[in-house]
Amino acid sequence: MSEYHLDIDNQFGLLFDASECIGCGNCYEACKKENDLPATNPSRLGLAGADKDFLKDHLSDKTYTVVEEYGDIYARKMCMHCLEPACASVCPVGAFEKTELGPVLYNADKCIGCRYCMQACPHNVPRYEWGSTSPRVRKCILCYDKLKKDGITACAEACPVEATISGKLPDLITEAKRRIKENPDKYYPHIYGLEEAGGSNVIIISPVPFEQLGYSSKVPKQSMPTFTMQAMEKIPTVVSVGGIFLTGMYWLTKRKNQLAKEENGKGKG
Amino acid sequence: MQKSEVRSQKSEDRDQRSEIKGQVLKTGRHRNSQSEIRNLKLNGAKLSFWKIVAVFIAVVGVYSLFVRFTKGLGASTNLSDFVPWGLWIGIDFIGVGLAAAGFTIAATAHIFHNHKYESIARPAILSAYIGYMMVVALLVIDLGKPENFWHPLVMWNIHSVMFEITWCVICYSTILTIEFAPVVLEKYKFDKLLKIIKKITPAAVILGVLFSTLHQSSFGSLYLIVPAKVYPLWYSSFLPVHFFISCIAAGLSMIILSAYLCARAFKQGLNIRILSGLGKGVLAVLIIELVFKFVELYSTGKFSLLFAQTGETYFFWLEIFLGSVIPIWILANPKYKVNRTGLYFASIFTISGFILNRMNVCVTSLVRSSGQSYSPSFEEVGITLFLILVSVLAFKFIVENFRVFEEKVHDEVEVSKEEIETKDLIFDK
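Residue numbers (my numbering), protein chains in the order written: chain A, 1 to 269; chain B, 1001 to 1429.
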């Protein structure tokens, strides 16, 4: 699987720290602005409701990240930018690309719309423009252009409390480990995304077990494409052994029939 | 339909009615003019009912297609971000699976030179051909951007199961064209082309078997990458093997069923010796699949799930009883396994179980993890029925206009055997 850039030293990523998040929604708004997405939360649309209505919003083709409320803890959801993305491996036309910088990008011009990426994603992230007659898959792209230019994502830039920070992935892992080590009482001792689905560029730390914040605990620890590879790698064997067997049987049975015919002919003669 | 028609002829005596039934089943041989007229009456009434149904389905289908292409997938389907695949993907699995006889029979007749099955090679290949065309059409309709359907030809991702399936389906459809071409070519006397095609047929059949093996199993491989989403009763690292084995039984059953239906509709049929041979094949495959499934469930520690009080468990057992237990019981019964009606019911059960299995894998097994239930929309059902209708009409047209069934005159022994069969049947009723 060499086309996935497993050399993570130069890759960017995000660290989200749920115990620091104050649920202000700045990341949510910054994401909307950076990606030019329409408002989807009721209060900002001028409708009646509390000013924290964005907490009730959910990922959609118009929303790439959300902040969710779990008691007094807030959790962000977005594309995890897996090191070996399931979406990129299943796409029949290679519309997804794991870039050298880390972000997983999507090319709508290549896409045929089979939606296998949505089915395959272990984190259930990709969303679809169901209302369109030429629909695209929509998800966080880790502010690819901005990341290249400024080295930071819009959401990390907007965060007032360093609950979301962006940077080089090895540095983020070190930082996550440091935070857990220095405040062992404050954190659940696990970094989500370090091993889940073979590791991702977005990593998360939290004061409570992750399934309590809606992160799936069922996600396998190995990279998702390996599940498919176990079957795909047998194809050459099946084809060569099958081909030889069938060709052999063709000649054998033909010869057998011929012999039987000759035998018959003799018998009659 | 036929029942009510038969009932309407109450004035006639019982024997004559059985005779009509027997006549239809007996592929129209030994006709006498009186029963022929009755036969026509029967078919006439049947036809007008089915005509109304067909027109209705066509209207619904065209309307649904219009909605699909003008308003998009969101407006025409019940699919969502949580259920991105629905009925149509299931129908693709089912259509390709039921077309599996195309490669098994072609291999039996042309590779293993088992001449007994040569006479069903053509109907098998024809139904496979039409099945694949229908599946390809449905796949394109299901695509979010159908105008980009050709992209996999030039944009490659060899790690994708979907990519592999696309290529295999394209290649196999080409091979089916080669395998079926003689039927058309011989009618219009393209002798030179026919010669060339006949020369490459063995190679084409071998390639066809390989391509079929690959993509029939790869439909199962599609779900290998979602181990956390598919309910454990259906998830297995052997999913591709399960898909491959089960498609063989389903494909052979489809041939039995279509032989039965064709005997009724076109007065062209197949002899019982071939059908019971196919039945033996179905029985063997069903037993292998059933044993394999349960051994695997046991060895992976999933046995307790078989007795859990969940919806999935019920669906799983329904699938096992419909598609394995009942047909195995019928086909293992010495009386029914050589009897048209027995084979007919066995094939219906096998196919129903197969359909349920594919729908279970692609819908039932994912309900729990997606947190959303799914049932197809009016348009999804409408388009599906429309494509099935078009397939049936295409099959009918080709059978009526080309030499698909070989109407061999059976020798004395076989005819008398068949008469015994028919008598059995009448006696059963």
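Source of the hints: derived by calculation from the structure; they are not laboratory data.
A virtual CB, placed ideally from N, CA and C, is assigned to each residue, including glycine.
Just so you know, not all the hints are guaranteed correct.
[To be verified] Chain B regions said to be covered by chain A (calculated; three or more residues, Cβ under 8 Å):
| hint | stretch |
| --- | --- |
| 1 | 1129 to 1135 |
| 2 | 1151 to 1160 |
| 3 | 1198 to 1210 |
Status of each hint after checking the structure:
Coverage of the stretch 1129 to 1135 of chain B by chain A is violated [criterion: at least 3 residues with CB-CB distance below 8 Å; count 0]. Counting residues of the stretch 1151 to 1160 of chain B whose beta carbon lies closer than 8 Å to any beta carbon of chain A gives 7, which meets the minimum of three for the stated coverage. By the rule of at least three residues with a Cβ nearer than 8 Å to a Cβ of chain A, the coverage given for the stretch 1198 to 1210 of chain B holds, with 4 such residues.
Of the numbered hints listed earlier, the single one contradicted by the structure is hint 1.
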